[in-house]
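Peer 1: Read off the chains here:
Protein chains: 2
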Amino acid sequence: MRVADLSTPALVADGGALARNLDTMAAALPGARLRPHVKAHKCTALAREQAARGHVTFTGATPRELVGLAHAGLGTDLLLANQCVDLQRLAALVATGARVTVAVDSPATIDAAARAGVGEVLVDVNVGMPRCGCAVEDAGTIADTARARGLAVRGVMGYEGHVVGLEGRDERVEKTATAMDRLAAAHALVGGDVVSAGGTGTYDINTLATEIQAGSYALMDTAYAKLDVPFDLTFGVVATVIHVAPKYAVADCGLKALAMDHGQPDMDDGDVWFCSDEHITFAPRAAVNVGDRVIVRPAHVDPTMAKHEALHIAAGPGLDAEIIDTWAIDLRGWDA
Amino acid sequence: MRVADLSTPALVADGGALARNLDTMAAALPGARLRPHVKAHKCTALAREQAARGHVTFTGATPRELVGLAHAGLGTDLLLANQCVDLQRLAALVATGARVTVAVDSPATIDAAARAGVGEVLVDVNVGMPRCGCAVEDAGTIADTARARGLAVRGVMGYEGHVVGLEGRDERVEKTATAMDRLAAAHALVGGDVVSAGGTGTYDINTLATEIQAGSYALMDTAYAKLDVPFDLTFGVVATVIHVAPKYAVADCGLKALAMDHGQPDMDDGDVWFCSDEHITFAPRAAVNVGDRVIVRPAHVDPTMAKHEALHIAAGPGLDAEIIDTWAIDLRGWDA
Numbered sequence: 001m002r003v004a005d006l007s008t009p010a011l012v013a014d015g016g017a018l019a020r021n022l023d024t025m026a027a028a029l030p031g032a033r034l035r036p037h038v039k040a041h042k043c044t045a046l047a048r049e050q051a052a053r054g055h056v057t058f059t060g061a062t063p064r065e066l067v068g069l070a071h072a073g074l075g076t077d078l079l080l081a082n083q084c085v086d087l088q089r090l091a092a093l094v095a096t097g098a099r100v101t102v103a104v105d106s107p108a109t110i111d112a113a114a115r116a117g118v119g120e121v122l123v124d125v126n127v128g129m130p131r132c133g134c135a136v137e138d139a140g141t142i143a144d145t146a147r148a149r150g151l152a153v154r155g156v157m158g159y160e161g162h163v164v165g166l167e168g169r170d171e172r173v174e175k176t177a178t179a180m181d182r183l184a185a186a187h188a189l190v191g192g193d194v195v196s197a198g199g200t201g202t203y204d205i206n207t208l209a210t211e212i213q214a215g216s217y218a219l220m221d222t223a224y225a226k227l228d229v230p231f232d233l234t235f236g237v238v239a240t241v242i243h244v245a246p247k248y249a250v251a252d253c254g255l256k257a258l259a260m261d262h263g264q265p266d267m268d269d270g271d272v273w274f275c276s277d278e279h280i281t282f283a284p285r286a287a288v289n290v291g292d293r294v295i296v297r298p299a300h301v302d303p304t305m306a307k308h309e310a311l312h313i314a315a316g317p318g319l320d321a322e323i324i325d326t327w328a329i330d331l332r333g334w335d336a
Numbered sequence: 001m002r003v004a005d006l007s008t009p010a011l012v013a014d015g016g017a018l019a020r021n022l023d024t025m026a027a028a029l030p031g032a033r034l035r036p037h038v039k040a041h042k043c044t045a046l047a048r049e050q051a052a053r054g055h056v057t058f059t060g061a062t063p064r065e066l067v068g069l070a071h072a073g074l075g076t077d078l079l080l081a082n083q084c085v086d087l088q089r090l091a092a093l094v095a096t097g098a099r100v101t102v103a104v105d106s107p108a109t110i111d112a113a114a115r116a117g118v119g120e121v122l123v124d125v126n127v128g129m130p131r132c133g134c135a136v137e138d139a140g141t142i143a144d145t146a147r148a149r150g151l152a153v154r155g156v157m158g159y160e161g162h163v164v165g166l167e168g169r170d171e172r173v174e175k176t177a178t179a180m181d182r183l184a185a186a187h188a189l190v191g192g193d194v195v196s197a198g199g200t201g202t203y204d205i206n207t208l209a210t211e212i213q214a215g216s217y218a219l220m221d222t223a224y225a226k227l228d229v230p231f232d233l234t235f236g237v238v239a240t241v242i243h244v245a246p247k248y249a250v251a252d253c254g255l256k257a258l259a260m261d262h263g264q265p266d267m268d269d270g271d272v273w274f275c276s277d278e279h280i281t282f283a284p285r286a287a288v289n290v291g292d293r294v295i296v297r298p299a300h301v302d303p304t305m306a307k308h309e310a311l312h313i314a315a316g317p318g319l320d321a322e323i324i325d326t327w328a329i330d331l332r333g334w335d336a
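Residue numbers (my numbering), protein chains in the order written: chain A, 1 to 336; chain B, 1 to 336.
Extracted from the complex, chain A is given alone in its bound form:
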């Protein structure tokens, strides 16, 4: 079966480009220097490819993602890089038997981790983005509180999420330095040997971190493709043209199949006008007919993956490539 033979809409990645992205990152950040973030792909088959290249420590944003990795035999060292006070879900994660480390940033999150039987934590520090993470000056107290509850404190985490997507490299370098000055100050108060941070946009800029939490580098998206990173856009949503008008055409891939939070998708052979639930209206650059296939490139990979049940792996780019594998996107949802 070729890409053009798939029922649509369907997610497809060029397996060769994906392998090159994985190899490039494994060469730059070998082994545990990379802790791949599975929130970007939610796919144990892709995590296995990362593990095969030497990365056996993983990052997740939900207990469900990490429970799925543990059940797939990928539970060597799992980090929940997020705050969680759901005792049932934390306990279910612990019950997998995997090595589990959880981010904490408050007495309440420490209490939840301790009560759920979690053994190890990282102190999550706010390095400049208004989201989770304690203030730098509170990091030592948080670590002391965790240790008093019997938790081993492995170190600190601080995600420069306000920096990773900036297009200018100089700006990323400067703002990463500022963010990591904060994380270093917190680390001095907390101790431990782990400094976990970073993403695809700062994987080679963030030199403080002992481990980088990149995820998007594997499949990429049009937002990250604007940066000067050595990873190629590998994936898109294949759609079928269902209507052709004089100035535009319509394909059967809409905002239920595409993440819209980073803006409109792009198309290889057309200019996108707008997306509806199940449609994309676009101006084709060459004549198209009803029944033709087109490839739509989402702006944000993570939430696009979460909308689909499967990722098809093709032998190459384009519509004529053979489908060589189909991977379940099995870490979706929130219930384990």
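One thing to keep in mind: the hints can contain errors.
Claimed, not checked - Listed next, the stretches of chain B that the computed footprint assigns to chain A, with coverage defined by at least 3 CB atoms under 8 Å from CB atoms of chain A: (1) 26 to 38; (2) 86 to 93; (3) 102 to 115; (4) 126 to 133; (5) 275 to 289.
Stated by the list, open to error - From chain B, some residues computed to sit far from chain A (all C-beta separations above 12 Å): (6) Arg48; (7) Ala306; (8) Ala310; (9) Asp325.
As the list claims (entries may be wrong) - No more than 25 Å apart at the CA atoms, straight line, and that leaves these computed lysine-lysine pairs for DSS-like: (10) Lys226/B / Lys175/B; (11) Lys175/A / Lys226/A; (12) Lys247/A / Lys175/B; (13) Lys247/B / Lys175/A.
Please keep in mind that the hints were generated in silico from the structure rather than gathered at the bench.
Each residue gets a CB set at the ideal place from its N, CA and C atoms; glycine is no exception.
Position chain B against the provided structure of chain A, taking the given hints into account.
Peer 2: Using the frame of chain A, we list chain B on its own:
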């Protein structure tokens, strides 16, 4: 179990408000005057509530939605209000034994319907939104082509999607009239006794249509709630506060749980700053603590439903209401 006891993020609707919305619409457009659009909720349990109020004809945007309705015993009269050239999916829909009508707007879509064994069609007409639908002047030819292929032409369809969401009623009235002038002209060329059109924003304005395809009216969303329609916002995503900072707080409900295409969600007790994959950062209007629950109101109901596996029905509004039922969102995805 109360709303506040759910694991989060979780979709919840106030069952009383939902019943009132369903009753209000059934009184305004009884029986087949409404052909409920299931793309808005993707939930056979909710479709059963609509059928219990007398609406036994349904609209869908995908074959998968309609196959699911047919398997649930709701296949009295199903309209695929979308173009489809996937023979396998069309044939699977026909194979359910349900009465199936399909929208066509070109020789290619007519050919697909005929080859898949579809018996009845509506001619889809462009009434002003650049999406599917033939030009008014081509509608008669399309109907003739369909009849020549042995298809029964039941009438016309023309969705004024560029009008239904406009906030000013006068503007909706004026633009619906313009759109329906086009549909009436096409109807004169096509014949048949069905004129299918409309949505929640024009359900009482569009008087040309013999049947209205509204769907959002049942659950509603913050975009439709700005209009002067007699339907209340019933649903939201319950989330848990996981971090509290001096000027903001963070809850565990992000853009993987919320449709973002109509813009930011609202919150009952906070001002939303931004959403990340699994987080919402907001300024609470009263003090909150880690572990507290909050309710987030998505701007667009249809794609929000498509992100969740279940809709919990509560006995009333708010966090203390008892959960009285849980409905599977079972019409998601594209594979039947």
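Peer 1: Is the nearest CB of chain A more than 12 Å from the CB of Ala310/B?
Peer 2: At about 9 Å from chain A, Ala310/B fails to clear the 12 Å cut-off, so the statement is violated.
Peer 1: So if I understand the rule, the pair passes when the alpha-carbon distance is 25 Å or less; does Lys247/B with Lys175/A pass?
Peer 2: Holds: Lys247/B and Lys175/A sit about 22 Å apart, inside 25 Å.
Peer 1: So if I understand the rule, the pair passes when the alpha-carbon distance is 25 Å or less; does Lys247/A with Lys175/B pass?
Peer 2: Cα-Cα ~22 Å, so holds.
Peer 1: Can you confirm whether chain A covers the region 86 to 93 of chain B, using C-beta to C-beta distances below 8 Å and requiring at least three such residues?
Peer 2: holds (count 3)
Peer 1: Given that the region 126 to 133 of chain B was listed as covered by chain A, double-check it with a C-beta distance under 8 Å for 3 or more residues.
Peer 2: The restraint on the region 126 to 133 of chain B holds, since 5 of its residues have a Cβ under 8 Å from chain A and three suffice.
Peer 1: Beyond 12 Å from every chain A Cβ: check whether that's true for Ala306/B.
Peer 2: Its Cβ does come within 12 Å of chain A, the nearest being 5 Å, so this is violated.
Peer 1: Examine the region 275 to 289 of chain B for residues whose CB is less than 8 Å from any CB of chain A, and state whether their number is three or more.
Peer 2: holds (count 7)
Peer 1: Counting residues of the region 26 to 38 of chain B that have a beta-carbon nearer than 8 Å to any beta-carbon of chain A, does the count reach 3?
Peer 2: Three-residue rule not met by the region 26 to 38 of chain B, so violated; n is 0.
Peer 1: Beyond 12 Å from every chain A Cβ: check whether that's true for Arg48/B.
Peer 2: The claim stands: Arg48/B keeps its Cβ more than 12 Å from every Cβ of chain A (closest is about 22 Å).
Peer 1: Is it true that the CA of Lys226/B sits at most 25 Å from the CA of Lys175/B?
Peer 2: 18 Å, holds
Peer 1: Is the Cα-Cα distance between Lys175/A and Lys226/A 25 Å or less?
Peer 2: 18 Å, holds
Peer 1: Quick check: do three or more residues in the region 102 to 115 of chain B have a beta carbon closer than 8 Å to a beta carbon of chain A?
Peer 2: Satisfied; 4 residues make the cut.
Violated hints, in rising order: 1, 7 and 8; the structure is consistent with all others.
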